[in-house]
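Taken in order, these protein sequences are the chains called A and B.
Note that the first sequence ends on residue 296 in the working numbering; no numbers are left out.
Note that the second sequence ends on residue 64 in the working numbering; no numbers are left out.
I should point out that these hints are in silico values taken from the structure, not numbers from a laboratory.
Treat the hints with caution; some may be incorrect.
What the hints assert, rightly or not - The calculated DSSO-like cross-link candidates involving lysine-lysine, where the alpha carbons are at most 30 Å apart (straight line), are:
| hint | chain 1 | residue 1 | chain 2 | residue 2 |
| --- | --- | --- | --- | --- |
| 1 | A | 195 | B | 7 |
| 2 | A | 195 | A | 166 |
| 3 | A | 166 | A | 194 |
| 4 | A | 234 | A | 166 |
| 5 | A | 85 | B | 7 |
| 6 | A | 194 | A | 234 |
| 7 | A | 234 | B | 7 |
| 8 | A | 3 | A | 61 |
| 9 | B | 7 | A | 3 |
| 10 | A | 85 | A | 234 |
| 11 | B | 7 | A | 194 |
| 12 | A | 85 | A | 61 |
As the list claims (entries may be wrong) - Some chain B residues well away from chain A (every beta-carbon gap over 10 Å; in silico):
| hint | residue |
| --- | --- |
| 13 | 22 |
| 14 | 25 |
| 15 | 37 |
| 16 | 46 |
| 17 | 49 |
| 18 | 55 |
Stated by the list, open to error - Quick list of the computed label-pair ranges, beta carbon to beta carbon:
| hint | chain 1 | residue 1 | chain 2 | residue 2 | range |
| --- | --- | --- | --- | --- | --- |
| 19 | B | 48 | A | 89 | 29 to 35 Å |
| 20 | A | 170 | B | 6 | 21 to 27 Å |
| 21 | B | 21 | A | 194 | 30 to 36 Å |
| 22 | A | 33 | B | 6 | 29 to 35 Å |
| 23 | A | 293 | B | 57 | 47 to 53 Å |
| 24 | B | 21 | A | 94 | 35 to 41 Å |
| 25 | A | 108 | B | 57 | 21 to 27 Å |
| 26 | A | 177 | B | 46 | 55 to 61 Å |
| 27 | B | 31 | A | 170 | 39 to 45 Å |
| 28 | A | 270 | B | 57 | 41 to 47 Å |
| 29 | A | 146 | B | 9 | 54 to 60 Å |
Because the structure is a prediction, the values reported are computed rather than measured.
The beta carbon of each residue, even a glycine, is placed where N, CA and C say it ideally should be.
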Amino acid sequence: MEKYTAATSLGIAFGVITRYLVLRSDYRQYPGYPHGYITHLSLGLIAAVLGALAIPALAEKEFTAVTFLSLAATQFRDVREMERKTLAGLDLTNLVSRGPDYIEDISRIFEARNYLVMLIALLVGGVAYYTHYAIALVSGGLALIGARYLMHGRVVGQVAQVRPGKVHFEGPNLFVEDIHMMNLAREEVRQQVKKRGLGVILEPFDDDARAILGNSGQRMAIAHDASVQLGIYKDVDTAEFTPLLRRDLDTGRVAMIILPLEMDLECLLLAITRVPVLESAINRPLKSRAGYRAAD
Amino acid sequence: MAVSINKLILAVVTLNHDLVSGGGAPVFLAEDQAELDRISTYLSRITGGVTHDLENGVYIVVRH
């Protein structure tokens, strides 16, 4: 009896702690509401319970218990669906939309985090059952650190050099350095862009990075994150002030124009460097023979 | 997801009526540059479109 109590309670505790630690309201600005936290913590609790019970149940030759794990997997696929629906719905009213790729990325992460919780609970529960609870505590701690470290994806600053770019007009055409952004007819709009517009150039480090920046979902994510973090000088009826990212076809460089409320270039560069690289944007042409040879 | 048509010319504002003909978008004729600017400002605000300059005295309001 003692053994079960230690194994399951430790497993559940570590599982819930994991879920809490990865639920911080971070750069994604989501979830931002107590109800969101409750939903995800409760789902995390369910995942932790399932994970923690698995090893003791198996040890008692209760093989049916394992089928519960598959039930859980179905549950958590629904989490992804739920997140996707919610975010896609909310995206319609965002001044600068996240875009479908970013939404898919976030929902995938929310699903994966539940599996992570389940695995950690499984590990801690198993260790506590077969060895001593002190060892379980240590291994749980290590697993937590490992999870935080491993679950960190790359950010834009790791794939591209982010630097300021000069904003200028040639007639009605807006350029950031030599990259054409758009044609703006109205003088009033051009004056605002001259006054408030900040230009940024993203130079990819290699061919893989060039492919990442070429993905338009990735560029929408950059525009969204930058505008959320610095505020955006735009309303629903001023589409001209939507942040834009355009690609230089010759070099794969990407230029960005944004009219933030906080006109602080340093902070803008920081915000852009810390935008996550979306899983769906990752392409690795350098891993293929043709891509590698073509790269020189 | 809401469905809408993107990259659509919502309106054409021009100083010279000879430069435009036919088409699906309404054409607004302006007397001078000031009126051209004013009409296109109103139209882009009302429709949520962006005004582009074709650099021949013709402005188009486009939904992106």
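To see whether the hints hold, each was checked on the structure:
Taking the CA atoms of residue 195 (chain A) and residue 7 (chain B), the gap is near 27 Å; set against the 30 Å cutoff, the hint holds. A distance of roughly 12 Å separates the Cα atoms of residue 195 (chain A) and residue 166 (chain A); the hinted pair therefore holds under the 30 Å criterion. Between residue 166 (chain A) and residue 194 (chain A) the alpha-carbon distance is near 10 Å, which keeps this suggested pair within the 30 Å criterion. Between residue 234 (chain A) and residue 166 (chain A) the alpha-carbon distance is near 21 Å, which keeps this suggested pair within the 30 Å criterion.
About 26 Å separates the Cα atoms of residue 85 (chain A) and residue 7 (chain B), which keeps this hinted pair within 30 Å; it holds. Between residue 194 (chain A) and residue 234 (chain A), the direct Cα distance comes to roughly 15 Å. Compliance with the 30 Å bound is thereby established for this hinted pair. Between residue 234 (chain A) and residue 7 (chain B), the direct Cα distance comes to roughly 20 Å. Compliance with the 30 Å bound is thereby established for this hinted pair. Restraint check: the Cα-Cα separation between residue 3 (chain A) and residue 61 (chain A) comes to about 16 Å, which is no more than 30 Å; the hinted pair holds.
With a CA separation close to 66 Å, the supplied pair residue 7 (chain B) and residue 3 (chain A) exceeds the 30 Å bound. For the given pair, residue 85 (chain A) sits about 26 Å from residue 234 (chain A) by alpha-carbon distance, which is consistent with the 30 Å threshold. Between the alpha carbons of residue 7 (chain B) and residue 194 (chain A) the distance comes to roughly 25 Å, so the proposed pair stays at or under 30 Å and holds. Restraint check for residue 85 (chain A) and residue 61 (chain A): not satisfied, since their Cα atoms lie roughly 40 Å apart, outside the 30 Å limit.
With a least CB separation of 22 Å from chain A, residue 22 (chain B) remains clear of the 10 Å interface cut-off, as annotated. Even its closest Cβ contact with chain A, about 15 Å, leaves residue 25 (chain B) beyond 10 Å, as expected for a residue assigned away from the interface. Annotated as non-interface, residue 37 (chain B) brings its C-beta within 10 Å of a C-beta of chain A; the closest such distance is 6 Å. Listed as a non-interface residue, residue 46 (chain B) fails to keep its Cβ farther than 10 Å from every Cβ of chain A; the least gap is roughly 7 Å.
For residue 49 (chain B), the requirement that its beta carbon stay farther than 10 Å from each beta carbon of chain A is not met, with the minimum near 6 Å. Once the 10 Å rule is applied to beta carbons, residue 55 (chain B) is inconsistent with being away from chain A; the minimum gap is 6 Å. The beta-carbon spacing between residue 48 (chain B) and residue 89 (chain A), approximately 20 Å, falls outside the hinted interval of 29 to 35 Å. Range check, residue 170 (chain A) to residue 6 (chain B): about 26 Å between beta-carbon atoms, so the 21 to 27 Å window is met.
Distance hint for residue 21 (chain B) and residue 194 (chain A): a CB-CB separation of about 35 Å, consistent with the stated range 30 to 36 Å. Take residue 33 (chain A) and residue 6 (chain B): their Cβ atoms lie about 31 Å apart, and the range 29 to 35 Å holds. Against the hinted window of 47 to 53 Å, the Cβ-Cβ separation of residue 293 (chain A) and residue 57 (chain B) comes to about 51 Å, which satisfies the hint. A C-beta distance of roughly 39 Å is found between residue 21 (chain B) and residue 94 (chain A), which places it inside the suggested range of 35 to 41 Å.
Taking 21 to 27 Å as the suggested C-beta distance range, the pair residue 108 (chain A) and residue 57 (chain B) does not conform, at roughly 50 Å. Between residue 177 (chain A) and residue 46 (chain B) the C-beta distance comes to about 34 Å, which lies outside the given range of 55 to 61 Å. A C-beta distance of roughly 28 Å is found between residue 31 (chain B) and residue 170 (chain A), which places it outside the suggested range of 39 to 45 Å. The beta-carbon spacing between residue 270 (chain A) and residue 57 (chain B), approximately 44 Å, falls within the hinted interval of 41 to 47 Å.
Separated by about 55 Å at the C-beta atoms, residue 146 (chain A) and residue 9 (chain B) satisfy the suggested range of 54 to 60 Å.
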